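Under my numbering, residue 891 is the last one in the sequence shown; the count climbs by one each step, no gaps.
I should point out that these hints are in silico values taken from the structure, not numbers from a laboratory.
Just to be clear, a hint being listed does not mean it is correct.
Distance condition first, Cα-Cα at most 25 Å in a straight line; then the derived SDA-like pairs of lysine to any residue [what the hints assert, rightly or not]:
| no. | residue 1 | residue 2 |
| --- | --- | --- |
| 1 | Lys702 | Gly687 |
| 2 | Lys584 | Asp763 |
| 3 | Lys584 | Met646 |
| 4 | Lys865 | Asp797 |
| 5 | Lys865 | Thr793 |
| 6 | Lys633 | Tyr653 |
| 7 | Lys756 | Ile654 |
These numbers were taken from a predicted model, which means no experiment stands behind them.
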Amino acid sequence: MKDVIALLDCHNSPELGELTLSRPLASTSFLGRYAFMDFMMSNFANSGIETAGILCKNHQRSLMKHMGNMSSWVANTKIGRTTVFYNEKGILNESYNTDLNNIRENDWILYDSKAKTIVIAAPHILMTLDFAPYIEEHRARKEALTVLYKTIDDADKTFLDRYCFEVGEDGYVRDILRNDGTKKRRDISLEAWIIDGEALAEMIDRYPRYDASFGIREMIASFIRQKLFKVHAAPFKGYVRCFDSLAHYVEYSFELLNPQIAKELFHPEWPIFTLTHDTAPALYGQKSEVTNSFVSNGCIVEGEVHDSIICRNVKIAKGAVIRHSILLSGVRIGEHARVSDLVIDKYSSISSKHTVEGDPKNIIYVRQGAIL
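Construct all of the structure, not just a fragment, from the sequences and the given hints.
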């Protein structure tokens, strides 16, 4: 798809408590070997979209570190590319650091890529999504804007404060509003938009006449209410999770230890691309024991690991026991230490014979570089 550009929108990602204090959600570690951005960027690549951009709001260093040479998600490196967009003016004022302002400041890419269709999606919405049929339908119907949504029955517990739609029988959005948790059944926005190039240009042109703090969502909501153009709603029925809190980060990570649930997200014909570290396979000691866990490359496991997720280059010494925990890269667990119900950030250490336990219903976060 040479006339399509996809944008990963990092401006509206929720905070995952202390886990995202020094990094954006997009580059936050997930399932040991991935970052959240890998999933949507892989959706772009697997859908045949050759040009992609990342709308970076903050913590640019962490994002760039994970992206490496930026070729991981480019199927054809001769004609495809990945570009990071940063709103230098907006960083001085949080209210104006919006996705729409970011696009406006970097609108050269729209003309340089000659894109007729723009796809915008968020890193905190986890799903396996082929954009190709949605783009084809969008073009066949000659729509200005198509939004993707899913009808859910637990809106009182999930997707709280995210956008939802009122969809008419004709398949067009009647209104866009916040999910306040008062209803179980909602047509929830997947924060994935397919926009005609001329429609996006009109948004950028009208932007100064509206509130300067408006983002894409707010502009679209205003356009819908003023009936400036119709917005087509396209349903999605696959596996979807919205990572909007540390509690959901833990819950949704552990649910993927279940192979039946993992099959809904991972498909052999739909690879998830990520930065390659070329680290050696995990090394297991003679007395090590590992059950129902993800253990990444570069780890040395001499103790026990149960129902846990272990990121790269973690060392677990003899006699140590890890249960129901997430250990990020570079963590060190001393001999005969006991760890349960924790999220341990990078480069932290648990001393020998030390016991640190959280609660299954309220997992404790251990900050980056901590020594306990």
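Results for each hint:
1. A C-alpha spacing of about 18 Å is found between Lys702 and Gly687, which places the hinted pair at or below 25 Å, so the restraint holds.
2. A hinted pair counts as satisfied when its Cα atoms are at most 25 Å apart, and Lys584 with Asp763 qualifies at roughly 23 Å.
3. About 24 Å separates the Cα atoms of Lys584 and Met646, which keeps this hinted pair within 25 Å; it holds.
4. Taking the CA atoms of Lys865 and Asp797, the gap is near 19 Å; set against the 25 Å cutoff, the hint holds.
5. Distance restraint check for Lys865 and Thr793: the Cα-Cα separation of roughly 19 Å lies within the 25 Å cut-off, and the hinted pair is therefore satisfied.
6. A distance of roughly 20 Å separates the Cα atoms of Lys633 and Tyr653; the hinted pair therefore holds under the 25 Å criterion.
7. Taking the CA atoms of Lys756 and Ile654, the gap is about 17 Å. The hint holds against a cut of 25 Å.
Consistency note: the structure conflicts with none of the earlier hints.
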